[in-house]
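Starting from the known structure of chain A, arrange chains B, C, D, E, F, G, H, I and J on it as the hints suggest.
Residue numbers (the numbering used here), protein chains in the order written: chain A, 6 to 97; chain B, 6 to 97; chain C, 6 to 97; chain D, 6 to 97; chain E, 6 to 97; chain F, 6 to 97; chain G, 6 to 97; chain H, 6 to 97; chain I, 6 to 97; chain J, 6 to 97.
Among these hints, one or two may not hold up.
Derived lysine-lysine pairs resembling BS3-like cross-links, with alpha carbons at most 27 Å apart [as the list claims (entries may be wrong)]: (1) Lys91(H) <-> Lys91(I); (2) Lys83(B) <-> Lys33(H); (3) Lys83(A) <-> Lys83(D); (4) Lys33(B) <-> Lys91(A); (5) Lys83(F) <-> Lys33(F); (6) Lys83(G) <-> Lys91(I); (7) Lys91(I) <-> Lys83(H); (8) Lys83(C) <-> Lys33(C); (9) Lys33(I) <-> Lys83(I); (10) Lys83(E) <-> Lys33(C); (11) Lys33(H) <-> Lys91(J); (12) Lys83(B) <-> Lys33(B); (13) Lys91(J) <-> Lys83(D); (14) Lys83(A) <-> Lys33(D); (15) Lys83(F) <-> Lys91(G); (16) Lys83(D) <-> Lys33(D); (17) Lys83(E) <-> Lys83(F).
Pairwise CB distance ranges (calculated) [said to hold, decoys possible]: (18) Thr22(B) <-> Ser74(F): 56 to 62 Å; (19) Ser74(E) <-> Ala38(G): 39 to 45 Å; (20) Ser74(D) <-> Glu34(I): 42 to 48 Å; (21) Ser74(D) <-> Lys33(G): 51 to 57 Å; (22) Glu34(I) <-> Lys33(D): 54 to 60 Å; (23) Arg44(B) <-> His81(H): 42 to 48 Å; (24) Glu23(E) <-> Arg85(G): 29 to 35 Å; (25) Gln15(A) <-> Gly42(J): 28 to 34 Å; (26) His19(G) <-> Ile25(J): 41 to 47 Å; (27) Ser74(H) <-> Lys33(F): 51 to 57 Å; (28) Glu23(E) <-> Val14(B): 34 to 40 Å; (29) Arg85(G) <-> Leu20(H): 55 to 61 Å; (30) Arg27(J) <-> Gln29(F): 42 to 48 Å.
Here are some chain I residues the structure puts well away from chain J; computed CB gaps all over 12 Å [to be verified]: (31) Ala18; (32) Thr26; (33) Leu28; (34) Gly30; (35) Tyr35; (36) Gly43; (37) Ser65; (38) Thr87; (39) Pro88; (40) Asn94.
Treat the hints as calculated values from the structure; they're not laboratory data.
Note that beta-carbon positions come from the ideal geometry of N, C-alpha and C, so glycine has one too.
Protein chains: 10
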Amino acid sequence: MLFLARMDVQFPAHLSTEDITRLQGLEKEYSQALQEGGRLVSIWRVAGEYANYSVFDVGSNDELHQILSGFPMYPHMKIRVTPLAKHPNSIR
Amino acid sequence: MLFLARMDVQFPAHLSTEDITRLQGLEKEYSQALQEGGRLVSIWRVAGEYANYSVFDVGSNDELHQILSGFPMYPHMKIRVTPLAKHPNSIR
Amino acid sequence: MLFLARMDVQFPAHLSTEDITRLQGLEKEYSQALQEGGRLVSIWRVAGEYANYSVFDVGSNDELHQILSGFPMYPHMKIRVTPLAKHPNSIR
Amino acid sequence: MLFLARMDVQFPAHLSTEDITRLQGLEKEYSQALQEGGRLVSIWRVAGEYANYSVFDVGSNDELHQILSGFPMYPHMKIRVTPLAKHPNSIR
Amino acid sequence: MLFLARMDVQFPAHLSTEDITRLQGLEKEYSQALQEGGRLVSIWRVAGEYANYSVFDVGSNDELHQILSGFPMYPHMKIRVTPLAKHPNSIR
Amino acid sequence: MLFLARMDVQFPAHLSTEDITRLQGLEKEYSQALQEGGRLVSIWRVAGEYANYSVFDVGSNDELHQILSGFPMYPHMKIRVTPLAKHPNSIR
Amino acid sequence: MLFLARMDVQFPAHLSTEDITRLQGLEKEYSQALQEGGRLVSIWRVAGEYANYSVFDVGSNDELHQILSGFPMYPHMKIRVTPLAKHPNSIR
Amino acid sequence: MLFLARMDVQFPAHLSTEDITRLQGLEKEYSQALQEGGRLVSIWRVAGEYANYSVFDVGSNDELHQILSGFPMYPHMKIRVTPLAKHPNSIR
Amino acid sequence: MLFLARMDVQFPAHLSTEDITRLQGLEKEYSQALQEGGRLVSIWRVAGEYANYSVFDVGSNDELHQILSGFPMYPHMKIRVTPLAKHPNSIR
Amino acid sequence: MLFLARMDVQFPAHLSTEDITRLQGLEKEYSQALQEGGRLVSIWRVAGEYANYSVFDVGSNDELHQILSGFPMYPHMKIRVTPLAKHPNSIR
Chain A
6 MLFLARMDVQ FPAHLSTEDI TRLQGLEKEY SQALQEGGRL VSIWRVAGEY ANYSVFDVGS
66 NDELHQILSG FPMYPHMKIR VTPLAKHPNS IR
Chain B
6 MLFLARMDVQ FPAHLSTEDI TRLQGLEKEY SQALQEGGRL VSIWRVAGEY ANYSVFDVGS
66 NDELHQILSG FPMYPHMKIR VTPLAKHPNS IR
Chain C
6 MLFLARMDVQ FPAHLSTEDI TRLQGLEKEY SQALQEGGRL VSIWRVAGEY ANYSVFDVGS
66 NDELHQILSG FPMYPHMKIR VTPLAKHPNS IR
Chain D
6 MLFLARMDVQ FPAHLSTEDI TRLQGLEKEY SQALQEGGRL VSIWRVAGEY ANYSVFDVGS
66 NDELHQILSG FPMYPHMKIR VTPLAKHPNS IR
Chain E
6 MLFLARMDVQ FPAHLSTEDI TRLQGLEKEY SQALQEGGRL VSIWRVAGEY ANYSVFDVGS
66 NDELHQILSG FPMYPHMKIR VTPLAKHPNS IR
Chain F
6 MLFLARMDVQ FPAHLSTEDI TRLQGLEKEY SQALQEGGRL VSIWRVAGEY ANYSVFDVGS
66 NDELHQILSG FPMYPHMKIR VTPLAKHPNS IR
Chain G
6 MLFLARMDVQ FPAHLSTEDI TRLQGLEKEY SQALQEGGRL VSIWRVAGEY ANYSVFDVGS
66 NDELHQILSG FPMYPHMKIR VTPLAKHPNS IR
Chain H
6 MLFLARMDVQ FPAHLSTEDI TRLQGLEKEY SQALQEGGRL VSIWRVAGEY ANYSVFDVGS
66 NDELHQILSG FPMYPHMKIR VTPLAKHPNS IR
Chain I
6 MLFLARMDVQ FPAHLSTEDI TRLQGLEKEY SQALQEGGRL VSIWRVAGEY ANYSVFDVGS
66 NDELHQILSG FPMYPHMKIR VTPLAKHPNS IR
Chain J
6 MLFLARMDVQ FPAHLSTEDI TRLQGLEKEY SQALQEGGRL VSIWRVAGEY ANYSVFDVGS
66 NDELHQILSG FPMYPHMKIR VTPLAKHPNS IR
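The shape of chain A in the complex, shown without the other chains:
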């Protein structure tokens, strides 16, 4: 079951460059583990913005929320989720 998420990152002013770098490292690990496990199907950068569009493949809304709220940068992201259904014109 697929969901599209748009995730916008905004760090609070008091975070140090070191904190940010560390968070980004943890984020990368977490994100890549999700991709290798098949839960995170696609992730793209929105050109010109500190934001991404991601497609998740999960079994339930609870699993989706567990995954999203587990992102190391979750407290600094605004996430909007769109549930996706099969399109009648899709050939897949």
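Just chains B, C, D, E, F, G, H, I and J now, with coordinates in the frame of chain A:
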């Protein structure tokens, strides 16, 4: 080069059911040809709405516009395009 | 798996009172069958508006879209869906 | 008499992790007492967001405001309330 | 129990001047009966707009919706309702 | 001459609890003096929000601004003003 | 007492060119009489839009609404009014 | 003096294909005359939308409005204008 | 050539009362010099808000930006500019 | 391939005047190198705002994002990108 498009369909009140059915048939053909040709990579229905999110793989903005404006239902769709770039955390 | 849907009804100007009454009758039947089958858990009127908030319990996004797009008044409704997850403070 | 509330949490940057944990503990107690007393009928997490949709069953607007403004995290929440009425298609 | 309602009127293009005049007459009767009965406490015109702000005093959300949906011009109005509670600084 | 004002309060993060309590005390005095003097006709809490709707009866826009900008919490409020005119259906 | 009004014109599709021309003629007469009488102090076209910003000098909200609702094109205009007060830096 | 304009086209439902084709022909002539005369410096299609961004070089706001309101499709376009100034980093 | 500007002031939390008072003094001088020089034709307070609407008479967009960015409180203002053209109904 | 970008600058409160001046100097160098290299075709100041509209000529979305995210002031800018296609009425 990838673009995400959200396409919302709204038919004018005067369109007959036959016109709509015919347009939907043409749309399906056009959409599936694009998918088979590799230009339309993914198309999903937004759950609960007459709308889709689609991912296009094209060589230029001009090609993208040519493809989008060629949809049989183009005059009845509101389309918003987001240019996508490679995400540093993507494993692909 | 629960989803909250807000559904706003707007009939086109050319629909006759008879058409509207007929649609409302079909809508009631469809809605009540969904409630009896357990798919539509709750439906409330938004006070002062021709709109409702509804809670659906379905197995997948595809099932949700199939149910929503099957409403007799679907072509005349604007629907926005929010996927719901278990809240940590919920006692249920 | 039912009301739907959407509650979005946003903590100010200066709150320590301890303060937040303490607030969350108080919030849970308060929320569960409301549920046990029948005032808070349902509470769901919005998937991917630090937000919830809640259904309250109260006797008046004053009681509703008293309850909402009593949440320990009230100063850090944006709340939007929608008064709900019986829907003619509801079988309850 | 008080509610503030903002009501914006927009007639469809096909309504004749006679239909509009007749609706306005019915609306006036309905509105004044509500005022005399104490349910509609205040009604003001928004300067420069075909809109009003009204304060209703009702016993429940259901009664409020019944009253609002009974307005003769209800099908041609967009209504937004705000539940009001006692203000701690009010001297009444 | 009547004006409806919606006033949303938001204190900056650095204000201490004492400062806030003191401001709220001054606000209450100011508000009640305005009510006793007949300039502030009604004030209601928006259920669930740190906001109010107020009706002012003043002689001019200048007097209205003088009153509003004199609120002790004025620097911490977002105010939106709507000029009200007599409604043709009002029985008052 | 001054008010700024932004007025956006939108004619319904069924109005003939003759109807529009006639309305524009009546509008011009009405507008110029207001200007000569000192009630309409300034009127400017918003560059690129069928809209204007106008400054009215009136004695009350009721007079303002009477003037605005008397415009021949009033049924086809969206008007937003802003009450203006004296600015402390103004030298007039 | 430069202005950026975004122009969105929306034809009313009753316009025939012939009318639209004729308008588009007139529009092209008008647009190209403006370009040849140096008043319309650049015009680009917004990818996926019946809209353009255009840069105009004119001597005054009045000239700009005269040019924009002279477009054959002006009654069917929503135009938003942004006045542009020299940027301190520009090398031109 | 006239422009309407809406200017909303918002001081950052760390500015002291002295800094604000000093800025307001400089602002008054700057504003009044502009008025005396004929560049700032009108300035009005928006009733109830720390904001103004101002009309500027300048020779070019560059001059307008130079004037606006020279306001002592410019870093703390959100400004939106609307280019104004002569209205066909204006008698001036 | 052209893209229009609107870039709005907002510095956090804690940045010193020296930091800002240094950033602006780096920004100028970066911007002018892009202009000399042909990647940044045009850059204009939005009159009255700390914002610009810029036109970029790049080979891909990835190149565009690399350029935009390389701006020294990128962490303090909100950027919105619009992909541009050739307009059928353009004479270039």
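- Query: For this structure, which hints from the list above don't hold up?
  - Reply: 13, 23, 26, 29, 31, 37, 38, 39
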